[in-house]
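Trainee: One letter stands for each residue in the lines below.
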Amino acid sequence: MNHAAIQPRTYLVVYIVLLVLLVFTIAGAYIPIHVLATVVAFVIATIKAILIVLYFMHVKESSTLVRVFGGAGLLWLGILIAGTLHDYLARGWPPPP
Amino acid sequence: MPDEDTILTREGILAEQFDDLAQQTEAGTLGMWIFLATELLLFGGLFTGYISYRLAYFQGFHEASGHLYFTLGSINTAVLLTSSYFVALAVHAARQGRSRAVSGWLLGAAGLGAVFLAIKATEYYLEYREHLVPWMDFQFEGAYPAHAQLFFIFYFLMTGLHAVHMLVGMALLLIMALLARLGRFSAEYHNPVELTGLYWHFVDIVWVFLYPAFYLLNPHS
Numbered sequence: 806m807n808h809a810a811i812q813p814r815t816y817l818v819v820y821i822v823l824l825v826l827l828v829f830t831i832a833g834a835y836i837p838i839h840v841l842a843t844v845v846a847f848v849i850a851t852i853k854a855i856l857i858v859l860y861f862m863h864v865k866e867s868s869t870l871v872r873v874f875g876g877a878g879l880l881w882l883g884i885l886i887a888g889t890l891h892d893y894l895a896r897g898w899p900p901p902p
Numbered sequence: 012m013p014d015e016d017t018i019l020t021r022e023g024i025l026a027e028q029f030d031d032l033a034q035q036t037e038a039g040t041l042g043m044w045i046f047l048a049t050e051l052l053l054f055g056g057l058f059t060g061y062i063s064y065r066l067a068y069f070q071g072f073h074e075a076s077g078h079l080y081f082t083l084g085s086i087n088t089a090v091l092l093t094s095s096y097f098v099a100l101a102v103h104a105a106r107q108g109r110s111r112a113v114s115g116w117l118l119g120a121a122g123l124g125a126v127f128l129a130i131k132a133t134e135y136y137l138e139y140r141e142h143l144v145p146w147m148d149f150q151f152e153g154a155y156p157a158h159a160q161l162f163f164i165f166y167f168l169m170t171g172l173h174a175v176h177m178l179v180g181m182a183l184l185l186i187m188a189l190l191a192r193l194g195r196f197s198a199e200y201h202n203p204v205e206l207t208g209l210y211w212h213f214v215d216i217v218w219v220f221l222y223p224a225f226y227l228l229n230p231h232s
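Protein chains in written order, with this note's numbering: chain A, 806 to 902; chain P, 12 to 232.
Hint data in this document are derived by calculation from the structure and do not stem from the laboratory.
Among the clues, some could well be false.
[What the hints assert, rightly or not] Between beta-carbon pairs, the in silico distance windows are:
1) P:I130 to A:R872: 31 to 41 angstroms
2) A:H839 to P:V179: 32 to 42 angstroms
3) P:L53 to A:H839: 39 to 49 angstroms
[Stated by the list, open to error] Part of the chain P face toward chain A, derived, beta carbon under 8 angstroms:
4) Q35
5) E37
6) L66
7) Y68
8) T88
9) A129
10) I130
11) I216
12) V219
13) P230
Here the structure is a predicted model, which is why all the values come from computation and not from measurement.
Beta carbons: idealized from backbone N, C-alpha and C, even for Gly.
Next comes chain A alone, as it looks inside the complex:
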């Protein structure tokens, strides 16, 4: 285990970037095109999550096995969402009233 690879200065930088991204999210919510605003909000949320996982959760310095298991969770989440939407949208969604 390669401990102490990430230093407090890095944590501080990541924290500041996370707060700046939050400000971007709040500003982005005022984009008049709603679909675009939602897409921007979720792209920023994904960037935040990646930063937290890599630095705060130390995946950047974790073993390959831990990365594979974390990645597997993400893969199954992708199958869950993509499979469900693929099926629903192909059948005509929303259901007729």
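Fit chain P to the supplied structure of chain A, relying on the hints for placement.
Mentor: Frame of chain A, contents of chain P only:
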């Protein structure tokens, strides 16, 4: 204190099924990630349902979201991000064996968790007074009251489940702060602090996605 199944080594407590602390630490970390993967799918199922109905009832969800407290939700996001930063510093201190700093940062993070829950409870109360809680005299002025009600069902269920995770996380933070203060951790043995940190960061990430899903659909109504 060690029972029959554990050996108190100079570095810390090593369970007998492990060869050494490095193996025990790796096994514990992997176990936590497996647990977090199941948690991801628990919340993922709810998010999948949310996304499906967001696409189906676009306008109703848009109207309903305008009734949430955008400012309070944004403040809570900053509060949780700050608590995650504190936990990252606690883990860093644990790796250096600085136990007083560990308990200090963990107590700070738990305190921010309490601030988060206090703000969340205030929101719930305001929403209750505005008749936005499904099945509790729900009233909604708008073109799609049924769709708005579904939005609030998702909102209370998902933020409520998240709040339960916050309570569990805060209990873990307080226990780890106490154990650190009692001198149970060292630079060599502190994996419980690391694993508690992983759990707390995961709960933070869930909120990072709950925030745009509910608060940001219609913030300036």
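Trainee: Compare the structure with each hint and give your call.
Mentor: Hints and how they fare:
1. P:I130 to A:R872: 31 to 41 angstroms: holds (35 angstroms)
2. A:H839 to P:V179: 32 to 42 angstroms: With Cβ atoms ~35 angstroms apart, the hint holds.
3. P:L53 to A:H839: 39 to 49 angstroms: violated (29 angstroms)
4. Q35: violated (11 angstroms)
5. E37: At about 6 angstroms, which falls below the 8 angstroms cut-off, the nearest Cβ of chain A leaves the hint on E37 of chain P intact, so it holds.
6. L66: OK, holds: L66 of chain P within 8 angstroms of chain A, min 7 angstroms.
7. Y68: Hint on Y68 of chain P: holds, closest Cβ of chain A at ~7 angstroms, below 8 angstroms.
8. T88: holds (6 angstroms)
9. A129: violated (20 angstroms)
10. I130: violated (15 angstroms)
11. I216: holds (5 angstroms)
12. V219: Nearest chain A Cβ about 5 angstroms off; hint holds.
13. P230: holds (4 angstroms)
Hint violations for this structure: numbers 3, 4, 9, 10, all remaining hints satisfied.
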